[in-house]
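J.: Let the sequences and hints guide you as you build the complete structure.
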Amino acid sequence: MGILGDLAWMCINCAVMLSIAPLIEGYVRKLAARIQGRVGPPLTQPYRDLAKLFARRFTTAPRASSNALYELGPVAVLSATLCACGLIPTVVSRPWELSNFIVVFYLLALSRFLLSAASLNVSNPFAAVSMSREYLLALGAEPSAMLATGVMALCIGSPSLGAMSTLSYAELPRILPPYVTALAAFVMAMALDLALPPFDVAEAEQEICEGVMLEYGGAKLALLKLSLFLKRVASMSLFISVFIPFGISANLSWWTLASALLYVAKLFIIATIVTLVYASSARVRPWSLSRYLLVLTSLSLLSSLIYVLEVR
Amino acid sequence: MNPLQLVLLALPIFAAACIASLSLHRRPRASSLATGILCAVASAIAFSGAVWELIEGRVYEVSALLLPASFPRTVLHLDQLSAVFIAVISAVAFYTSLFSVGYAREYFDKPLRLSLMGVCYSSFVASMIMVALAGDAILFIVFWEVMSVTSFFLVMMDYERSEVRRAAMLYLIYATVSAVFVFAGFGIGYACTKSFVFSDWRTASLPPSMAALMFALFFVGFSAKAGLVPLHSWLPQAHPAAPSHVSALLSGVMVKVAVYGLVRMLLYVLAPHLSIAWGSVIMGFAALTTFYGIAYALIQRDLKRLLAYSTIENVGIIYLGLGLAVSAYAAHTYPLYIAALTASLFHVANHAVSKSLLFLCSGAVLQSTGTRDLLEMGGLLKRLRLTAVAFLLGSLGIAAMPFFNCFASEWILYNSLLLSMGSPSLGIVTRVLSAASFLTLATAGVLATYCFSKAFGLAFLTEPRSPEAERAKPEPLSIRMSYAVPMISVVAMGLAPALVAQPIASIVARIPGPPLAAPMLGLRVALWSSPSMYIPAVLACFASVAGFIAWSSSIARTTTLRTTTPFVSGADFEKSFVPTPSLYVGNGEELMRGLYGVRRAYERDYAVRLWTTRRIVIERLPVDPWIRVLRRIGLSDEDIKRVVHTHDDFLQALVTVGGRALVFALSRHVERSCEAIYEGFRSIAVAFLSVGRSIASMDKGIYLGFRGIASAFSALSRAVRRIQCGNLYAYLAYVYVVLILALIYFALTR
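So the sequences go chain by chain: A and B. Our numbering puts the first sequence at residues 1 to 312. Our numbering puts the second sequence at residues 1 to 750.
Hint data in this document are derived by calculation from the structure and do not stem from the laboratory. Predicted model, so just to flag it, every value in this text is computed and none were measured. Positions of the beta carbon are idealized from the N, C-alpha and C atoms, including for glycine. The hints are all genuine.
Here are a few chain A residues that sit away from chain B, every Cβ distance over 12 Å (derived from the structure):
{"hint": "1", "residue": "Arg29"}
{"hint": "2", "residue": "Leu31"}
{"hint": "3", "residue": "Leu43"}
{"hint": "4", "residue": "Glu171"}
{"hint": "5", "residue": "Arg174"}
{"hint": "6", "residue": "Met190"}
{"hint": "7", "residue": "Ile244"}
{"hint": "8", "residue": "Asn251"}
{"hint": "9", "residue": "Ser259"}
{"hint": "10", "residue": "Leu276"}
Which chain B residues face chain A? A few, computed with CB under 10 Å, are given here:
{"hint": "11", "residue": "Gly445"}
{"hint": "12", "residue": "Ile535"}
{"hint": "13", "residue": "Ile549"}
{"hint": "14", "residue": "Met592"}
On the chain B side, residues computed to face chain A include the following (Cβ under 8 Å):
{"hint": "15", "residue": "Lys382"}
{"hint": "16", "residue": "Asn415"}
{"hint": "17", "residue": "Val432"}
{"hint": "18", "residue": "Ala435"}
{"hint": "19", "residue": "Leu439"}
{"hint": "20", "residue": "Thr449"}
{"hint": "21", "residue": "Ala546"}
{"hint": "22", "residue": "Gly547"}
{"hint": "23", "residue": "Phe567"}
{"hint": "24", "residue": "Val578"}
{"hint": "25", "residue": "Val585"}
{"hint": "26", "residue": "Asn587"}
T.: Okay, here's the thing in structure tokens:
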């Protein structure tokens with residue numbers, strides 16, 4: 001078993017997220033359209049988009065510093081994101097040392113670093129602006145989300161996401177004060193991570209033409225799109241497995257099917273809430289984020305303080 | 001033969017390198033080749049000795065030097081702690097020596113200076129190794145000072161430029177201050193125990209008040225040398241000023257020698273006296289340093305300066321682990337102590353490797369483009385392929401990306417901080433500090449990826465932004481060869497961190513005294529489970545398989561028929577559209593404008609009638625009270641502008657305003673008086689020449705005599721200019737005074 005078992009679990013998690021990510025995307029688009037009084041694309045539109053992009057022959061390439069990097073950049077971004085996705089428990093909570101939360105956050109950071117290399121490779125000014133905004137959001141989101149997750153890890157007694165997702169209702173009263181503050185901090189951080197309005201400053205189609213992906217087309221664009229969808233689902237799943245893992249099955253059995261349905265339902269509920277905010281708000285300006293970041297950071301610090309004061 | 005003898009065997013070879021460098025000064029190519037290869041051989045020997053010691057684990061202590069019996073006992077001491085640092089020093093020195101062979105090309109037209117550089121370089125490396133070997137205060141001081149003086153000369157190497165002179169002088173002042181504090185600490189140790197030997201101090205019972213005083217002195221002294229905020233202002237100036245292979249040694253290694261001193265003093269000598277308060281002090285400054293260093297690295301345009309600021313950040317990370325270890329040891333939480341100190345020492349090795357690699361790359365860039373400014377680079381990947389790959393690996397390493405080296409040590413540190421938050425025995429202050437440090441470390445992590453994506457992306461990717469970058473020459477062979485070792489170790493230590501972390505953990509358990517039980521327990525606890533360190537390799541397997549599948553699905557459909565210019569909303573692509581550093585980090589600078597002391601100003605632009613657009617201008621804001629102080633001290637506006645523009649750090653300005661202003665006032669006067677001396681000699685020479693010329697009509701012989709005298713004077717004046725500003729004399733005088741005082745003291749006490 002050992003390493004092969006670990007890899008098998010990662011494959012299962014990846015497969016779940018890969019299959020559900022475009023659907024969530026379609027749902028968000030559809031719901032936002034309906035709220036704004038449009039008909040909207042069908043739910044399966046993202047699958048069709050990806051299939052179309054994968055099938056398309058692409059005959060132009062931009063003048064890049066390195067053609068190898070242009071070819072391999074999207075692949076590397078996707079594989080780092082997939083690696084992070086594989087570590088987040090979706091349908092089975094396995095107390096599993098591989099799924100250390102710090103590794104997950106840093107794998108997402110790695111995919112961001114690779115994305116910035118891939119986008120600076122073609123010297124497009126929109127791409128540079130877009131990446132700089134991406135880092136700005138990460139600067140707010142990642143540290144606070146990590147600290148909030150760290151507080152939960154301390155409450156539960158393990159840094160492994162697999163072990164953390166065994167949290168049950170019965171334990172909640174014991175850890176309620178740090179739980180609530182950490183949850184608030186994490187939700188605010190997740191909002192930044194999802195890259196949806198009002199925080200889609202890094203993509204901003206109308207403004208900087210989705211800068212990061214601007215020079216990509218065909219299958220490579222499909223890979224980048226896919227990793228964006230995956231990143232969204234990954235941060236939602238991270239939230240689910242750390243804060244609301246209730247009902248996840250402990251091992252592979254018939255209950256796993258129910259747990260998978262429950263997981264999808266949770267994703268849809270989160271997506272609905274996110275879309276309600278999305279459809280009713282305008283994009284923020286990147287330089288007016290400082291107050292939001294301040295609140296976010298102090299909330300996460302507060303949660304750790306509460307934990308420290310409570311456990312003597 | 002034992003490990004100590006093997007390490008000492010390197011010394012004659014370093015001496016041979018000195019001699020070779022001096023004797024071959026007429027043939028610069030041969031001189032640089034001989035020095036580089038001899039230094040590399042010597043470093044390899046020292047490295048193998050250190051590794052032998054790491055495996056064997058015995059403590060060697062021998063009385064050193066053939067001194068008269070009346071002289072206090074001096075010893076050479078090799079244990080595993082020294083061996084860790086000697087291994088790091090000699091490994092880095094090995095490939096910087098190789099690099100120096102190719103880099104010496106810059107100095108072929110100045111052969112004398114090149115041979116001087118060879119002498120200083122080899123004695124610098126040797127003295128760093130000897131500092132780690134010194135087992136008593138006297139040898140430590142001697143080699144510490146040799147290290148300071150030789151590194152000062154190395155920083156001074158390009159003395160034609162005034163900013164190099166200023167940087168070297170600032171460095172010298174800080175080095176002196178640091179040495180004074182360290183010496184004072186040693187003095188207290190001697191006063192309490194009547195011995196200079198560290199192992200005697202360890203067994204003697206020091207009074208607690210004296211131990212606390214020693215801690216304070218050592219902390220200030222070693223931190224000034226390591227570049228801890230607020231004693232850091234010399235570092236981002238001195239490290240970039242030196243030739244690049246020396247910068248790699250200064251940033252990668254010399255800073256670590258100061259860390260070695262602190263670890264040796266705190267955990268070896270003062271271990272029984274450690275208190276949680278000391279640990280908290282260290283952690284507080286360390287967290288400040290971590291954030292401050294990387295925040296300033298982000299906005300630098302000078303590539304080497306950016307790397308120097310990033311060194312400050314990493315010193316903060318190393319100190320963070322050290323502070324936590326001190327607290328944990330004082331609270332008898334030994335597993336946490338082991339984990340934290342392992343993280344710290346592991347990060348010493350990791351940072352040494354990646355930072356020296358990055359500095360070597362910056363040297364190659366500097367050599368082939370002639371610039372350190374990121375704005376004038378761009379597109380270098382096409383010209384310097386191997387340097388680009390090396391820089392990418394170094395960036396991935398230093399930004400602590402998974403699968404690369406620094407991630408492993410930061411990961412242990414994250415877990416140690418979490419553990420410390422959860423262990424009540426540490427006290428509320430340390431635990432709150434741990435939470436804050438966790439947040440700081442995570443923020444620094446994001447900023448580091450931002451900063452190094454900027455450095456790599458804007459130097460090697462995008463399109464060339466200057467003609468120099470377009471015409472960059474490929475790097476010479478020896479430079480390419482020097483990348484091999486650090487590139488391999490960045491990846492190897494990232495994929496198999498346990499190979500390094502576990503030996504370090506077992507060493508750490510033995511530093512403070514009797515071995516702590518179950519050394520591996522510390523690491524296990526820090527990772528909260530059994531051998532978690534195999535994770536990177538497993539993940540790398542998964543990522544590569546996933547990547548291969550994605551690649552094979554996308555590659556088949558690409559046939560490039562036509563290349564296009566970047567899309568800029570339909571306009572024709574121009575040179576001015578290529579991304580610049582300020583475009584890339586402008587948003588970050590804007591967000592943290594309070595920290596950088598910049599102001600946001602709106603300019604309304606009514607050129608377009610229907611839509612008014614607002615253009616945002618970020619401008620550097622002079623800090624008013626500071627300027628007032630500088631004026632009062634008597635600096636001219638010109639000098640103030642220099643201070644303000646070369647050192648745009650707000651915090652630094654506030655903290656060291658007095659010291660800095662004094663330094664500048666001093667430097668101006670010294671420089672001016674030196675100028676006067678130079679002018680004096682020169683005018684005498686000119687006078688002799690003119691007199692000689694008027695006499696020349698009478699007698700040829702007299703004229704020749706006069707010309708000889710005149711040329712002697714002009715040589716004198718050039719010598720004065722070369723020694724620069726009289727700093728050296730001041731410094732030598734100081735060393736003599738210290739030596740004479742020490743001798744008088746010995747004479748009186750005997």
